[in-house]
Every structure is written in C-alpha cells, then in structure tokens.
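S.K.: Below, each chain spelled out in residue letters.
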Amino acid sequence: MNYNDDFLELLAAWEETYKKGQLTLWIFLALKESSKCVEEIKLFVEEQSYGAMSCEEQSLYRNLRKFQHLGVVDFEPGKGTRGPDRKNYFLTPIGRKLLKTFIDRNITIFFKPRISKLLKHTSYAMDNS
Amino acid sequence: MPWITVNQIRFALTAALVTVVFHFALNYFLTTEWYAGVWLSSICFFTLVFLSGWYFGYKDKAALPLAIAAFRFHLLSFLVFGIISILWYAFAAGYPSSLRSLKISLLFWGGALLIHGIVYLPGRNQRIKGIRRDDIFD
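Protein chains in written order, with this note's numbering: chain A, 5 to 133; chain B, 4 to 141.
The hints are simulated quantities; they were obtained by calculation from the structure and are not laboratory data. Incorrect hints may appear among the rest.
Stated by the list, open to error - Coverage of chain A stretches by chain B, computed from C-beta distances (three or more under 8 Å per stretch; other residues unrestricted):
#, region
1, 34-47
2, 69-75
What the hints assert, rightly or not - If you anchor each label on the Cβ, the simulated ranges turn out as follows:
#, chain 1, residue 1, chain 2, residue 2, range
3, B, Gly-120, A, Thr-105, 31 to 39 Å
4, A, Arg-100, B, Ala-65, 26 to 34 Å
5, B, Thr-35, A, Gln-62, 45 to 53 Å
Said to hold, decoys possible - No more than 25 Å apart at the CA atoms, straight line, and that leaves these computed lysine-lysine pairs for BS3-like:
#, chain 1, residue 1, chain 2, residue 2
6, A, Lys-23, A, Lys-101
7, A, Lys-24, B, Lys-132
8, B, Lys-64, A, Lys-91
9, B, Lys-132, A, Lys-36
10, B, Lys-64, B, Lys-132
11, B, Lys-106, A, Lys-91
12, A, Lys-101, B, Lys-62
13, B, Lys-62, A, Lys-24
14, B, Lys-106, B, Lys-62
Remember, it's a predicted structure, so these values are computed and weren't measured experimentally. Idealized CB from N, CA, C, for every residue including glycine.
Extracted from the complex, chain B is given alone in its bound form (with noise of 0.2 Å):
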C-alpha cells in the first residue's frame, strides 16, 4: 500500500493553501473584532477543505479504492492545520488568538478524527491489502 498518493499530496498542499489564508483572515478579522468575519472565514475553511478533499478523494478513489482513503485525508487535513497552526502561533508576533482556543480546536477535532477511525474504518477481516472486500471483484 502506498505511503501516502499523488492526490493526497495535492490535497495536503491545497489544505496548506487554504489555512495559511484562514489565519490571515481570522488574523485580520480578530484584530478589526469583526466577528461575524471570524465566523465567516471559519465556515470558508472549513467548506474549501472538505470541498477539496472530496475532489482529491474521488480522484484518489478512482485511482485505487483503498478503505483507509476518507480516513488518511481527514489526518492529512488535521495535522496540516495543526503543524501550520501552531507554527503560526510560535512564529507570528502579536497573533490576537489565543493558544488556548486552538488547543480547543485540535482536542475536539482530534476527538472527531478518533471517532471516524474507530466508527468508519473497516476491520481488518474486512478487507485484503487496504481494500474493501466488496470492492475488490465489483
């Protein structure tokens, strides 16, 4: 099974992209206390990540339908934000966020992140080299 694919390598750029813009945006918005842009530019990440790993996903699944695929490029999308995230906060001088709030994030949506592993990835009696059993002679 491959390490990591092409397109989940173009999705983690993409991801990469979209939180580098996110921070600039909740960096001005937190700094104007316009908080319905907070609100606003949340919703835009979090709609343009999903969006993106849907396209990449469904390239990737057509690829090779591997079970694990949905779950990797929801890692994928978690540790790009984390890793930015938190480079952002050490690097980024007079950051209006607090660390506090993002440690929030990351916990709960670490949280999610477990559960999708736990509820949606198929056992391993339930598929042979990364793939469905089902999938396998479609």
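The shape of chain A in the complex, shown without the other chains (with noise of 0.2 Å):
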C-alpha cells in the first residue's frame, strides 16, 4: 500500500466517523430555512453539504418519525406536485430552541477568529499542496 491509499483510507475512515450523527444537524438545518417535504430535505442536504453528505428517504423518514415522537419536529399535510399528498416538516419551537443551542455550543466555536483563521490556512496549505 502507498502513500496516498494510507492517505485515501485515513480520511475515509474519519470521514466516516465525523459524519455520524451530522445528518440530524442538516435536517434540522434544512427545516430551519423552511418546512420541507422529505424530497427537499435530501436535496437540501446533498446540495448544501456539496455532496459530502448522502441520505436514503428511508433514512430521513425514520429520522423524522423519531423526531416528531421527541417532539422537535411535525409535520402538516400539503399539496404534492405529483402523487398523493405530503408531509411537510418543521421544527417545533423545542426544536428550534435544541438547534441553537447546539449550534452555540458546537458549531460557533469554529468561528473564532484564531480557529476560522487555522481553517483558512490548512484549506490554503491542502489547495497547494
């Protein structure tokens, strides 16, 4: 094995653990924008996250079964464009509340300014190297 499959294994395997549990950050992100069908949500995710993040709607709808019993997300029924009617989900305001707080807690720190300026420059340094 040589240097760049280590290198090829050593991000997919921290890749693999560092996206666990992120999709529930981009669900929550995705309804944060607006009420979403489950369609929209994918799309949401896979288009924001530039592709990093995949998700099956088998996987989002069990996601969200589970959220809606917790309580931080629901569903109203809406029009479907095609098809039988849909469910479009929000958050709940628990939800809302959970999302922030988690954001300020986990996700803010990145933007200090001595953090965001080590980001900047390991993105710099991997461009150029």
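Mind docking these for me? Both chains are given alone in their own frames, and the hints should help you get the complex.
M.R.: Next comes the structure, spelled out in structure tokens:
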C-alpha cells in the first residue's frame, strides 16, 4: 500500500466517524430554512454539503419519525406536486431551541478568529499541496 | 409513546392464532398419547411465536426504535398465551392437560419475563421518551 492509499483510507475512516450524527444537524438546518418534505430535505442536504453528505429517503423518514416522537419536529399535510399529499416537516419551538443551543455550543466555536484562521490556512495549504 | 403499535397488534393476532393451533395440536397428541408430538408442538409453538415476534419487532424498530419494544413483544406473547390457555381450560370440555401444568408454565414464563424486564430494560436516565439515548442521533 502506498502513501496515497494510506491517505485515502485514513481520510475515509475519519470522515465515516465524523459524519455519524451529522445528518441530524443537516436535517435541522434544512427545516430551519423552511418547512420541507422529505425529497426537499434530501436535496438540501446533498446540495448544501456539496455531496459530502448523502442520505436515503428511508433513513430520513426513520429519523423524522423519531424526531416527531421526541417533539422536536412536526409535520403538516401539504399538496404534492405529483402523486399523493406530502408531509411538510418543520421544527417545533423546542426543536428550534435545540438547534440554536447545539450550534452555540458546538459550531460557533469554529468561527472564533484564531480557529477560523487556522481552518483557512489549512484549506489554503491543502489547495496548494 | 403509543400504548400499542400496529405491528404489536399484528403480532398479538399472530400469536393468538399460533396459540389456538398449539392447543388443538396439544389436545390431539395428549389424547392419542403420542408424547413426542407434544414436545414437537411445543417446540413449533415457541419457534413460530419467536420468529413472528422477531419479524414484527424488526418492522416496529424500523418505524420507531423504542427501547422497551422487545419487552412489550415478550409481554404480549405471555399475555396472549396465558389468556387463551385459561379460556381453553375453562371452556374446552375434557381437555386432557392438567391446570397444574399450565400454572407451572406460566410461573416459569412469568419469571423469565420478570428477568427480561429487570436485566434488559434500560434505566429511565438512559432513554428519552422511550428511545435509547444512543439511538436518537445515530
């Protein structure tokens, strides 16, 4: 195995671990923007993550059912453009509060000037390597 | 948390059907004194109830992964078997099996159910609205 294989394998392993649990954040971000049906959530996640995150509709349904049961997400029936009526999911007040608190505690730390600078430099260095 | 899910109702109906067939088989084998058949029908009963519980439980978990689902399926099979068996003894005239053997069966099964409840049910601080904390954001 050469250096490049090692690198790709390590990257894949890290990303695999890193992405676990990230789907929730992406779903919540999609729903924070506006209420969406499952197809729209899937599209949002894949487009906005530049394809880094992908999800099956079944997996989204399963997660949304769970979040609805927990009271962080709810849905209202909406008219489907084709086929049967669709469910438009949205964040409930507790869901919004959960997302805000999570972002405050875990995401905004990356916007601190020192960390932000490091992230930019890392990205720049990688682009030129 | 739903009191009972569609899959649990389907499982209860399947278990009820299997229990009725089991009692017919038991009745026949005891009357004809073919005791290997008694064992065979008991093993078939256990296998069929277990497999249907597995099947409907799997579907139930895919819909909503409630931590107490497995225990509910176990409890349902116990209740269905217990109720049908008691009714069978009460209304089936000349049933060859003794009530004592039913009481012993229910006692052992009840003990196993209790152990299931104590050992496998996650504590209240390990679940939120019935879902294991680890399963929420997986």
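S.K.: Confirm or reject each hint.
M.R.: Hint-by-hint comparison with the structure:
Remark: the region 34-47 of chain A is not confirmed as covered by chain B, as 0 of its residues place a Cβ nearer than 8 Å to a Cβ of that chain, below the required three. With a cut-off of 8 Å between beta carbons, the region 69-75 of chain A has 5 residues touching chain B; three or more are needed, and the interface restraint holds. Remark: the range hint 31 to 39 Å for Gly-120(B) to Thr-105(A) is upheld by a beta-carbon distance near 35 Å. Under the hint 26 to 34 Å, the C-beta atoms of Arg-100(A) and Ala-65(B), about 28 Å apart, fit the expected range.
Here the CB-CB span from Thr-35(B) to Gln-62(A) is close to 50 Å, well matched to the stated 45 to 53 Å. Of the pairs offered as hints, the one joining Lys-23(A) and Lys-101(A) holds, with about 22 Å between alpha carbons and a cut-off of 25 Å not exceeded. Restraint check: the Cα-Cα separation between Lys-24(A) and Lys-132(B) comes to about 22 Å, which is no more than 25 Å; the hinted pair holds. A C-alpha spacing of about 21 Å is found between Lys-64(B) and Lys-91(A), which places the hinted pair at or below 25 Å, so the restraint holds.
Taken as a hint, the Lys-132(B) and Lys-36(A) pair is honoured in the structure, with Cα atoms around 23 Å apart against an allowance of 25 Å. Using a Cα cut-off of 25 Å, the hinted pair Lys-64(B) and Lys-132(B) holds, with the two alpha carbons roughly 15 Å apart. For a cut-off of 25 Å, the pair hint linking Lys-106(B) to Lys-91(A) is broken: about 50 Å separates their Cα positions. Between Lys-101(A) and Lys-62(B) the alpha-carbon distance is near 32 Å, which puts this suggested pair outside the 25 Å criterion.
In summary, the hint linking Lys-62(B) to Lys-24(A) is supported, as the alpha carbons are separated by about 23 Å, within the 25 Å threshold. Simply put, Lys-106(B) and Lys-62(B) have alpha-carbon atoms about 33 Å apart, too far for the 25 Å limit, and the pair is violated.
Consistency note: the structure conflicts with the earlier hints numbered 1, 11, 12 and 14.
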